[in-house]
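Each chain, written out:
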Amino acid sequence: MLPTITRQGRLIPWLYLAPALVIMLIFVVFPVFNTISLSLKDKTSTRSAEVSCVAGEPCWGKLENYRYALTNPEMTQALRNNARWLILMVPGTVIVGLLFALLADRVPYESLAKSIIFMPMAISFVGAGVIWRFVYHIESGGGEQIGLLNALLVRLGASPVAFLSNPAINNYALMVVGVWLWAGFCMTVLSAAIKGLPSEVLEAARVDGTNEWQLFWRIMLPMIAPTLLVVTTTMVINVLKIFDIVFVMTGGNFGTEVIANRMFKLIVTDTGRSMAIAVLLIVLTIPLVLFNVYRFRLQEREE
Amino acid sequence: MASVTYEHVYKKFGDVVAVDDLDIQVADKEFLVLVGPSGCGKTTALRLLAGLEEITSGRILIGDRVVNDVAPKDRDIAMVFQSYALYPHLSVYDNMAFGLKLRKVPRQEIDRRVKEAAEILGIQNLLDRKPRQLSGGQRQRVAVGRAIVREPKVFLFDEPLSNLDAKLRVAMRAEISKLHQRLQTTFIYVTHDQTEAMTMATRIAVINKGKLQQLDTPQNLYDRPGNLFVAGFIGSPAMNFFNGKLVKDGEKLIVDTGDFAVPIPAERAKVYLPHTGKNIVFGIRPENIHDPDFIPPGIHAEKVAARVDVTELMGNEIFVYLVSGQNTFIARVDPRSRFRIGDQVQIALNMDNFHIFDAETEQAIR
Numbered sequence: 001m002l003p004t005i006t007r008q009g010r011l012i013p014w015l016y017l018a019p020a021l022v023i024m025l026i027f028v029v030f031p032v033f034n035t036i037s038l039s040l041k042d043k044t045s046t047r048s049a050e051v052s053c054v055a056g057e058p059c060w061g062k063l064e065n066y067r068y069a070l071t072n073p074e075m076t077q078a079l080r081n082n083a084r085w086l087i088l089m090v091p092g093t094v095i096v097g098l099l100f101a102l103l104a105d106r107v108p109y110e111s112l113a114k115s116i117i118f119m120p121m122a123i124s125f126v127g128a129g130v131i132w133r134f135v136y137h138i139e140s141g142g143g144e145q146i147g148l149l150n151a152l153l154v155r156l157g158a159s160p161v162a163f164l165s166n167p168a169i170n171n172y173a174l175m176v177v178g179v180w181l182w183a184g185f186c187m188t189v190l191s192a193a194i195k196g197l198p199s200e201v202l203e204a205a206r207v208d209g210t211n212e213w214q215l216f217w218r219i220m221l222p223m224i225a226p227t228l229l230v231v232t233t234t235m236v237i238n239v240l241k242i243f244d245i246v247f248v249m250t251g252g253n254f255g256t257e258v259i260a261n262r263m264f265k266l267i268v269t270d271t272g273r274s275m276a277i278a279v280l281l282i283v284l285t286i287p288l289v290l291f292n293v294y295r296f297r298l299q300e301r302e303e
Numbered sequence: 001m002a003s004v005t006y007e008h009v010y011k012k013f014g015d016v017v018a019v020d021d022l023d024i025q026v027a028d029k030e031f032l033v034l035v036g037p038s039g040c041g042k043t044t045a046l047r048l049l050a051g052l053e054e055i056t057s058g059r060i061l062i063g064d065r066v067v068n069d070v071a072p073k074d075r076d077i078a079m080v081f082q083s084y085a086l087y088p089h090l091s092v093y094d095n096m097a098f099g100l101k102l103r104k105v106p107r108q109e110i111d112r113r114v115k116e117a118a119e120i121l122g123i124q125n126l127l128d129r130k131p132r133q134l135s136g137g138q139r140q141r142v143a144v145g146r147a148i149v150r151e152p153k154v155f156l157f158d159e160p161l162s163n164l165d166a167k168l169r170v171a172m173r174a175e176i177s178k179l180h181q182r183l184q185t186t187f188i189y190v191t192h193d194q195t196e197a198m199t200m201a202t203r204i205a206v207i208n209k210g211k212l213q214q215l216d217t218p219q220n221l222y223d224r225p226g227n228l229f230v231a232g233f234i235g236s237p238a239m240n241f242f243n244g245k246l247v248k249d250g251e252k253l254i255v256d257t258g259d260f261a262v263p264i265p266a267e268r269a270k271v272y273l274p275h276t277g278k279n280i281v282f283g284i285r286p287e288n289i290h291d292p293d294f295i296p297p298g299i300h301a302e303k304v305a306a307r308v309d310v311t312e313l314m315g316n317e318i319f320v321y322l323v324s325g326q327n328t329f330i331a332r333v334d335p336r337s338r339f340r341i342g343d344q345v346q347i348a349l350n351m352d353n354f355h356i357f358d359a360e361t362e363q364a365i366r
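From first to last, the protein sequence lines are chains R and C.
Its first residue numbered 1, the first sequence is counted upward by one per residue in the numbering used here.
Its first residue numbered 1, the second sequence is counted upward by one per residue in the numbering used here.
Note that these hints are calculated values from the structure, not bench results.
Positions of the beta carbon are idealized from the N, C-alpha and C atoms, including for glycine.
Incorrect hints may appear among the rest.
Cβ-to-Cβ under 8 Å is the rule here; a few derived chain R residues that face chain C [what the hints assert, rightly or not]: (1) R206; (2) G209; (3) E212; (4) G255.
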């Protein structure tokens, strides 16, 4: 006699799955294919993208929108900027988050400290962008500096800095906002991992002869490595999609353009190109998502 | 190799006194077991010695050196933890080598010591594995191996066998004893299991509520418990206790429990005479209560009426649960006994082997 659960036939499991499958089909699978198909059309979304080719210039035929996405000067700038964001902001948030997690673990008012660090996550990103635009504000008419940083600089006798319009520094100024926003997330996840380390193992290491520095590098870090990896890949995905901060603070001007902002700008004026950028973004994130899934499975098997 | 000294050591967690005026001298090469019920402060006492907790007051010495302010890594101790506490990301070999690498021991020397320890513990074939691929018993061996390779002055064990199954525990018990023989180093071992304490220790420190109750050899603790707690804690099944009074009946001194009265043999009476009239606790171990049909020759047997409540056959002996008035007690009797549940019997107490404690102070009268 089989237990009831295995006797319900082949149809019943599909019945249970159906609501989720239908919703996924409508809201995920269909839009993906629709996006791909639109990315092969021109700005009217009715003709093939080929029609926007200009005679005498390079043309990728049906894939003309992808030529734009990969070679247009504004797009190459966006791609370059996204790469900079990745290289600086991902390690920035993870390291700052890890540092706060380690330090918060050792102070008596830990939950207060962590709440403060985590607070920016509770603010909408647009709100954060507005706040930081004030912080970075420069009064160019010769009036009194009301931006926090420039007011400070002037008070200290320095001349005001155009944080958001000077291409040499504005990208970094935006990344600071990104780190400010996301470090709390990294801290929370890593703090949980650190708290989960068995105390006897850490004590064994201390008895074995580690100082605090060695304890961190040789015992704690390898033990939280899986979490560190998850946080890092999650941050890579977040940074690839970075949009709000740039959109609110500079609108992608002054050399701060990023992929997602480009996509947003083009959505109305040239849907085909916008969709090609969207597909590009998906293609960039897919390997990371797959990697996360693979790690997750590996971890499950180990346990 | 070194002695260990606790000098009036206190440890307070807020208002809770975990270790209360602990004063112990452990000789070099001794195997000292700290035993007591859970939460009695024995593990805290060990952690104070390891440097994992700070001493509130008092001093701890390893050899001649006061170690109160010495970091764990500089105390020249090695510790085996209850959960084994192996480094999950390192192989068995690297787990054992870790402490030596930190101390910059030459590679060849590390290799020699790890291989030697692995051989002693029979884990040579596991050196490449990760801890999660090992069974509980194997992890335990690695944890011990990690301590051995360090060649410390003092080995600390914090309930190392409590996560193992019963059979493995008995085997590891013998192995740790052998290890002590072989290494000739000071061992300090914490357990709540009095059998472990009795079988391995050269001396046992019985601790209760943070206080040292008695420190003596296993045999002395068993034969001459200093107070009611030690008497009840050491021995399995535990000693039977009866509340009673010391009364004089003519020339005889009698223990009167209200349910039965037994005379104290003349040669032992002298000690108790000054306590006549006092409320006392009369203690007798289960093996000193006999089936009246199988009384060993040459003992002072006193018969007491009791009813058989439960019998447990162990093969080589029978545990008999008896009821006499208000008192219930256990006897370990000859396996040939034919007690049946509900029987009224005249059970024989061996009055050459009993203990009397002051009911108020709970100290042994002797």
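How the hints compare with the structure:
1. This hint holds: R206/R has a C-beta 5 Å from the nearest C-beta of chain C, less than the 8 Å allowed.
2. A hinted interface residue such as G209/R counts as satisfied when its beta carbon comes closer than 8 Å to some beta carbon of chain C; here the least separation is about 4 Å, so the hint holds.
3. Against a cut-off of 8 Å between C-beta atoms, the interface hint on E212/R is violated, since the closest Cβ of chain C lies about 10 Å away.
4. At its closest, the beta carbon of G255/R sits 44 Å from a beta carbon of chain C; the interface hint therefore is violated under the 8 Å criterion.
The structure fails to meet hints 3 and 4 from the earlier list, while all remaining hints are met.
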